[in-house]
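Residues per chain are reported as follows:
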Amino acid sequence: MAELTYRDAVIRGIAQEMERDPDVVFLGEDIAKAGGVFKATVGLYEQFGPLRVRDTPISEQAILGAAMGAAMTGLKPIAEIMFSDFIAVCFDYIANEFPKSRYMTNGQTKCPLVVRTGNGAGSRFGAQHSQSVENWCMMIPGLKVVAPSSPADVIGLLAASVRDPDPVIFLEHKSLYPTKGEVPDGEIVDKLGTAKILRPGKDATILALALMVPRALAAAEKLAAEHGIDCEVIDVRSLVPLDTQTILGSVAKTHRAFSVEENPRLCGWGAEIMSIIADEAFYDLDGPLVRITTPHCPLPSADVLEDAILPNVDRIVERVSKTLNS
Amino acid sequence: MAELTYRDAVIRGIAQEMERDPDVVFLGEDIAKAGGVFKATVGLYEQFGPLRVRDTPISEQAILGAAMGAAMTGLKPIAEIMFSDFIAVCFDYIANEFPKSRYMTNGQTKCPLVVRTGNGAGSRFGAQHSQSVENWCMMIPGLKVVAPSSPADVIGLLAASVRDPDPVIFLEHKSLYPTKGEVPDGEIVDKLGTAKILRPGKDATILALALMVPRALAAAEKLAAEHGIDCEVIDVRSLVPLDTQTILGSVAKTHRAFSVEENPRLCGWGAEIMSIIADEAFYDLDGPLVRITTPHCPLPSADVLEDAILPNVDRIVERVSKTLNS
Amino acid sequence: MNDVARPANTALNDDIGEDVRLKLFETQVVIREAEQRAYDLFLQNLVKGTSHLSLGQEAVAAGFAVAMKPGDLSFCTYRGHAHTLARGVPVEKVLGELMGRDNGLMRGKGGSMHLTSEEHGVMGSYAIIGAHLPIACGAAWRAQYKGQKDVSVCFFGDGTTNIGAFHEALNFAAVWKLPVIFVCENNFYMEYTPIGDVTAVPHPAADRASAYGLERIVIDGNDADAVYREAMKAYDKARAGGGPSLIECLTYRHSGHSRADPAKYRPEGELERWKERDPIKIYRERLKQFGIADAQIEKIVSGVKATVDDATEKCKAAPIPPLDILTTDVYADGGWAWRN
Amino acid sequence: MNDVARPANTALNDDIGEDVRLKLFETQVVIREAEQRAYDLFLQNLVKGTSHLSLGQEAVAAGFAVAMKPGDLSFCTYRGHAHTLARGVPVEKVLGELMGRDNGLMRGKGGSMHLTSEEHGVMGSYAIIGAHLPIACGAAWRAQYKGQKDVSVCFFGDGTTNIGAFHEALNFAAVWKLPVIFVCENNFYMEYTPIGDVTAVPHPAADRASAYGLERIVIDGNDADAVYREAMKAYDKARAGGGPSLIECLTYRHSGHSRADPAKYRPEGELERWKERDPIKIYRERLKQFGIADAQIEKIVSGVKATVDDATEKCKAAPIPPLDILTTDVYADGGWAWRN
Ligand SMILES: Cc1ncc(C[n+]2csc(CCOP(=O)(O)OP(=O)(O)O)c2C)c(N)n1
Ligand SMILES: Cc1ncc(C[n+]2csc(CCOP(=O)(O)OP(=O)(O)O)c2C)c(N)n1
Ligand SMILES: [Mg+2]
Ligand SMILES: [Mg+2]
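Protein chains in written order, with the numbering used here: chain A, 3 to 328; chain B, 3 to 328; chain C, 13 to 352; chain D, 13 to 352.
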C-alpha cells in the first residue's frame with residue numbers, strides 16, 4: 003500500500019500496461035518530452051522511449067484517427083486529448099468511426115484503444131476548458147465510457163480499459179489530479195461495468211461520478227449527522243457498460259434515488275439512469291427521482307462563479323433533505 | 003391552403019425568410035446551383051442570386067464558423083450541414099462556439115443563425131448517414147433545437163428559427179422529405195418551445211418527434227381500435243426550449259407516459275423528459291415511464307435490417323398495451 | 013491536363029511486362045462490369061440505398077491495387093466498390109452487400125458505402141469525407157512501429173482535399189515519415205459542384221503537396237500504366253522508410269455522383285471528351301500495341317462477364333439477412349449489451 | 013531568420029511617421045506593463061485560472077492594431093490580452109477579468125482566455141485551437157456581402173497551422189476572396205513542444221500559403237515597423253477586394269506557455285538571444301534613431317506605468333461578481349430558460 007495522487011496513478015497505470023504489453027503505445031500533444039500539461043504523463047517518455055511515447059502536432063483528428071488505424075491493425079494505442087472539451091474537434095472519430103466500424107463490417111474490424119482526457123471543472127479555465135463531457139460519449143452506441151474518482155480506481159480501470167477489446171473513453175477529472183488515496187502494491191486490474199457502493203445506507207440512493215463522488219460522500223455524512231438520513235452512495239464509475247444491477251439493487255432497498263451530476267442538465271447520465279429506474283423499478287419507489295446537476299448553462303471562469311455553479315455538498319444536502327422531508 | 007411536400011416546405015420556408023430580410027443568407031455544400039442533394043433548396047439560387055445562396059467547399063468547420071462570424075456581425079445565416087451525422091466533423095461550433103459566446107462575453111456577442119440538416123434513418127444509407135442526432139445538440143446549453151414533423155411545421159418553425167436571436171439547430175427528417183401535408187397560404191411563423199397535442203387522449207401520453215410522430219399517431223389509432231386504449235399523442239417539436247407545461251399537463255391527465263425515440267437509447271431526449279416527469283409529476287403517475295427507442299446500436303444498411311431496427315407502429319402498440327395491461 | 017506525365021515507353025518487354033498488363037486490364041474490366049451491373053440492379057430496384065460508382069475511374073483502382081503486395085492495406089471511401097474489387101474481393105460479395113443480402117460482404121450491415129474485407133486488405137470504406145486519411149496514418153504507424161513492410165494506401169476524391177482531416181493527416185504522416193500513400197482521384201467534381209468553384213488552387217491535392225514537404229505529383233489517372241508506375245515508386249519509397257506520398261490522379265466519373273444524380277451540372281461535351289479517354293479503351297489499345305491478341309482480350313472480358321452474371325444470379329437467389337444479426341457485433345464480445 | 017524582411021528605410025519622415033511610431037511604442041509598452049502586472053498578480057494569487065502572456069510578442073499586436081481603422085475586427089486566441097489591449101481596451105477591464113472581479117470585461121464570466129470587447133472591435137478570444145479562423149471568415153463575408161469596408165484580422169500561433177480548421181478557413185477565404193487577414197505569430201513553440209518537431213515545413217504558415225494560392229509572407233515579428241507596414245499592405249489589399257492574406261510573424265514569448273509553465277524545454281541561451289531582440293528595446297532604439305528625445309520616451313513609459321498601477325488598485329478594490337449573473341446571458345432574452 004502506498005499513498006498516491008490521482009495524477010501519479012495515471013502515470014503508474016499507463017506504465018503498468020506499457021510494461022506488460024509492447025503493443026501499447028501512447029500519443030498526444032506535449033505528452034512525451036514535456037510530461038503532459040497536467041504532469042500526468044511525466045517519466046513515460048524516459049521509460050518507454052520515443053517510439054512508444056510520441057508527441058503529436060495540434061491535430062486531434064490525426065491523433066484519434068491514427069489511434070484507430072493502429073488499433074485496427076494490431077496495436078493498443080492510448081491517445082490523449084488534452085482537455086475533454088477538445089473532443090468536439092475530433093468528434094467524428096468518437097461518434098462515427100470508433101464505435102461503428104465493428105458493427106458496419108459485421109465484426110471484421112477491431113478497435114481496441116483508449117482515449118484519455120482531462121475532464122471537468124474547478125480550475126477557473128472558463129467555458130471551453132472545463133466541461134464534463136461524459137454524456138457526449140455515453141450517448142454513442144459502441145463506446146465504453148469510464149470516469150474514476152480515486153487513484154486506485156484510476157489504475158485499475160485504466161488497466162481494464164487498455165486490455166478491453168473495444169474503444170474506451172477514459173475521463174480523468176482535472177480537479178482530482180492532486181487528490182490522494184491509498185493504492186495497493188503490484189499490478190492492479192479492475193473491471194469495467196462495475197459501480198461501487200462506497201457508503202451503504204438505507205434511506206436513499208445517491209449516484210455520483212468523478213469529482214461528485216467525494217461531494218456526495220461528504221453530503222451523506224452531513225445528511226446522517228444533521229438530518230438523520232442514511233444515504234447509500236454509489237460511485238457509478240462506468241457509464242458504459244452501466245452497472246444497472248447495483249443501481250437497481252440499491253433503489254430496491256432505499257426506495258429513493260438522487261443523481262449528482264457535474265454535467266449540464268439536459269440528457270445527462272442521470273437522466274438515463276432515472277429513466278431506467280422509473281421504468282424498471284417504478285413500484286419500488288417511494289417518491290420522486292431527483293437530479294442534482296450543474297445548471298444547463300456554460301461554465302463561468304471567475305473562482306466564485308465557478309464554485310457556485312457546480313453541485314456542492316450543501317446543495318446536495320439541501321436537495322436530498324428537502325425532498326425526503328416533503 | 004395547398005398541399006405541399008415537406009421538401010418543398012423547406013424551400014418555401016427559406017424563401018419566405020430570405021424575401022423578408024436581406025440579411026438572411028444561405029450557405030452549404032451543393033445547395034446553390036445544384037439545389038441540394040435532397041432537392042430541398044431547388045430554385046433558391048435562381049431566386050436570390052449567387053451572393054445570398056452560396057456553394058461551399060467540403061469544409062463543415064468553415065461553413066459553421068463562417069455562419070457564426072457572419073451572425074456575430076449582422077447577418078442571419080442559414081447553414082446547411084448535408085447529413086446530420088456530419089455534425090461530428092464540425093461539432094466544435096455546435097458544442098463550444100455558438101452556444102457559449104454570448105455567455106462568456108457577458109452578453110456582448112450575438113449568434114442568430116440556423117443550422118439546417120438532414121437527420122434520421124430510412125434511406126438505407128448505413129451507419130454514418132442515418133443517425134438521429136437531436137441529442138448531440140439538446141445536451142449542449144445555449145442552443146435551441148427543433149425537429150418538425152409536418153410541412154406546415156417546417157415552414158413555421160423554420161421562420162421562427164431564422165427570426166430567433168439565438169443559434170438554432172433545425173433537424174429535417176430525411177424520410178419525411180417526400181411526405182405531404184396541408185399548408186396555409188401566406189406567411190407562416192410558428193413559435194419555438196411549443197409542443198403540439200396532435201391527438202387528445204386520456205389513458206396515456208405518447209411523446210414523439212419527427213418521423214416517430216406519424217408512427218405514434220398510427221399506433222394510437224391501433225391502440226384505440228384494438229386495445230381500447232386512448233392515447234394522447236404529443237409532437238414535442240422543440241427539444242430546446244422544451245414545452246414541459248404541455249407535457250406535464252398531459253401526464254397529469256393520463257397518469258402514464260411513453261416516449262417514442264428514433265435515437266439510440268442512451269441519454270436520449272426521452273430520458274430527459276422522463277427524468278423531469280419522474281421528479282415533478284411523480285405523484286401523478288400510475289405506473290412505469292417507458293421509453294421506446296431504437297436499440298443502442300449503430301444502424302444497419304440493408305432495407306430489412308433498417309426497417310426492423312427503428313421503432314415502428316407494432317412495436318409501439320405492443321409496448322404500450324403490454325405496459326398498461328400489466 | 014498539360015502537366016500529366018504520359019508513359020513514353022513502348023518497348024515490348026518494358027518495366028511493366030505482359031502478366032501485370034493483363035492483370036491491370038482484367039481488374040479494370042471487373043470493376044467496369046460489376047459497377048455496370050450494380051447500376052442495372054439499381055434500376056431493377058434490387059440495389060436499395062445509395063451507391064457511388066467509379067465507372068471511368070477504373071485505372072486508378074487497378075493501377076494501385078495491382079502494384080500492391082499481399083498484406084498491403086487499402087482505405088476507401090463510399091466510392092469504394094472499385095478499390096474493393098481491385099483487391100480481389102469476389103463480385104458476389106460486393107453485389108450481395110449492395111443488394112442487402114445475407115451473402116454480402118457484411119451481410120447487409122454496412123452497405124455500399126462501407127465495403128470492408130480485411131482478409132483482402134480492404135480495411136474499410138468510410139463515408140465521412142476525410143475521416144480515413146488519419147486512420148490510414150495509424151495503420152502505417154503500426155507498420156513502422158512493428159517493422160512490418162506493408163504500405164497503407166488511402167483513396168479519396170478532389171473534394172476531400174478541402175476538409176480539415178486531409179490537412180491533419182498529411183502533416184502527421186510527413187512528420188512521422190509514415191509508409192502511407194494518399195491517392196487523390198481528381199474527377200473534377202465534389203458531389204455536384206465543380207472542384208474549381210470551391211478550391212483555391214487548380215490541383216486540389218498536388219498544389220498542396222509542398223505544404224507538407226512532399227513532392228508535387230499529378231498523373232493521368234485514366235492510364236493504368238501511368239498509375240501502376242507511380243504506385244510502384246511510392247510503395248518502394250514507403251517501404252524503404254522514405255515516408256508518405258501524395259498522388260493526384262486526373263480522371264472522370266462517367267455516371268453521376270451517386271445513383272440519384274443525373275449529373276446535369278456538367279457542361280455539354282465534357283463527358284464525351286472524357287469517354288474518348290475511357291481507361292478501358294485506352295488499355296485495350298495498349299494491349300494491342302504490345303502485341304496481345306484480340307482473342308485473348310476478349311477471353312478476359314467474357315470471363316469477367318460470366319463471373320458477374322454468375323454473381324448476380326447467386327445474389328438474386330441469396331436470402332435476406334436474418335434479424336438476429338441486428339444487434340450483433342457492436343462490441344468485441346459479439347453483442348451490444350451496454351448494461352448488465 | 014534569414015528570410016525576414018527588415019525595414020531599410022531610416023529617413024526621418026518616412027512612410028510611418030512620428031505619430032504612428034509613438035503610438036506603436038506606447039501600445040507595446042501598455043502590453044508589456046499590463047502583462048507583467050498580470051504575472052505579478054498571479055504570483056500574489058490574485059489572478060486565478062490560467063493566463064497566457066505575450067511578453068516578447070508585443071510588436072505583432074501593436075503593429076496590426078495600430079494599422080487598423082476603427083471598425084476593423086480582431087479575433088484572438090487564449091493568448092489574447094495583447095491584442096485586446098492593443099485595440100484600446102482599458103487595462104483595468106482586462107486585469108479585472110483576469111482577477112475575476114465584477115469590473116472585468118465580462119464580469120468574470122469569460123476569464124483570461126475569452127477577452128472580448130465588441131465596442132473596441134475585439135470580437136472574442138477563442139480557446140479551442142483554430143476555431144476562430146473560420147469565424148473571422150464569416151465576419152469578413154458579412155463585410156463583403158454588405159459592401160462594408162472593414163477588415164477582419166485573426167491572430168493565432170504556429171501550432172495552430174496544423175489543425176484542420178486552419179486549412180478549411182484558408183481555402184474558404186481564398187475561394188470567396190474575403191477581406192480577412194490571417195496572422196500567424198510564430199513563436200517557435202506550441203505549448204511545450206518545438207513547432208519544428210511536429211510540422212512538416214520550416215515555416216508553418218508561410219510554407220502553406222501557396223496551398224491556398226496566397227503569397228508567401230514571413231516578417232520580423234519583433235519589429236513593430238515591419239509588422240505595421242505588412243499590416244497596412246494586407247488591409248489595403250483586403251479593402252480593395254483583393255482577398256485574404258496570410259502573414260507569418262517570427263517572434264518569441266519570453267515567459268512560459270501559460271502561468272503554469274517554467275519553460276524548461278528551451279535550449280540554453282535561446283531566451284537570451286531573443287531578449288537581445290526584445291521588441292520594446294528594438295523600438296526604443298528606433299525612436300531614438302528617428303530623433304525622439306529620451307524624455308518623451310520616458311514620459312510615455314511612466315504614463316503607462318501609472319495607468320497600470322491605477323488599474324491594479326481599482327481591480328483590487330473591485331467587488332467580486334454577484335452570483336445573480338451565474339446564469340444570465342445564455343440566451344438573447346438575458347436568461348437561461350431551456351423550458352417553460
Ligand atoms: C464530412 C462530409 N461532408 C460531406 C459529405 C457528403 N459528400 C459525400 S461525397 C461528397 C463529395 C466528395 O467529393 P470528392 O472528394 O471529390 O469525391 P468523389 O465523390 O468525387 O469521388 C460529399 C460532399 C460527407 N460524406 N462527409
Ligand atoms: C483544439 C485544441 N487542442 C489543443 C489545445 C491546447 N492548447 C492550447 S494552446 C496550445 C498551443 C498552441 O500553440 P500555438 O498555436 O503556437 O500558439 P501559442 O500558444 O504559441 O501562442 C495548445 C496545444 C487547445 N486549446 N485546443
Ligand atoms: Mg471528386
Ligand atoms: Mg506558438
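Hints listed in this document are in silico derivations from the structure and should not be mistaken for laboratory results. One thing to keep in mind: the hints can contain errors.
[Said to hold, decoys possible] Here are a few chain C residues that face chain B, going by a calculated C-beta distance under 10 angstroms: (1) L55; (2) Q56; (3) Y90; (4) E109; (5) G116; (6) Y138; (7) A212; (8) Y277; (9) V313; (10) G315; (11) K317; (12) V342; (13) D345; (14) G346; (15) N352.
[To be verified] Under the rule of at most 30 angstroms between Cα atoms (straight-line distance), these lysine-lysine pairs were calculated in the BS3-like manner: (16) D:K276 - C:K189; (17) C:K161 - A:K35; (18) C:K287 - A:K112; (19) D:K276 - A:K182; (20) D:K81 - D:K317; (21) A:K255 - B:K324; (22) C:K276 - A:K112; (23) A:K35 - D:K276; (24) C:K287 - B:K41; (25) B:K112 - D:K158; (26) D:K287 - B:K35; (27) D:K249 - A:K41; (28) A:K41 - C:K158; (29) D:K161 - B:K112; (30) C:K161 - A:K41; (31) D:K189 - A:K35; (32) B:K204 - B:K224; (33) A:K35 - C:K276; (34) B:K41 - C:K276; (35) B:K112 - D:K293; (36) D:K189 - B:K41; (37) C:K161 - A:K112; (38) C:K276 - B:K182; (39) D:K311 - A:K41; (40) D:K158 - B:K41.
Where a beta carbon is used, it is the ideal one built from N, C-alpha and C, also for glycine.
Can you list which hints this structure breaks, lowest number first? Violated: hints 1, 2, 9, 10, 11, 13, 14, 15, 18, 22, 26, 27, 30, 31, 33, 35 and 39.
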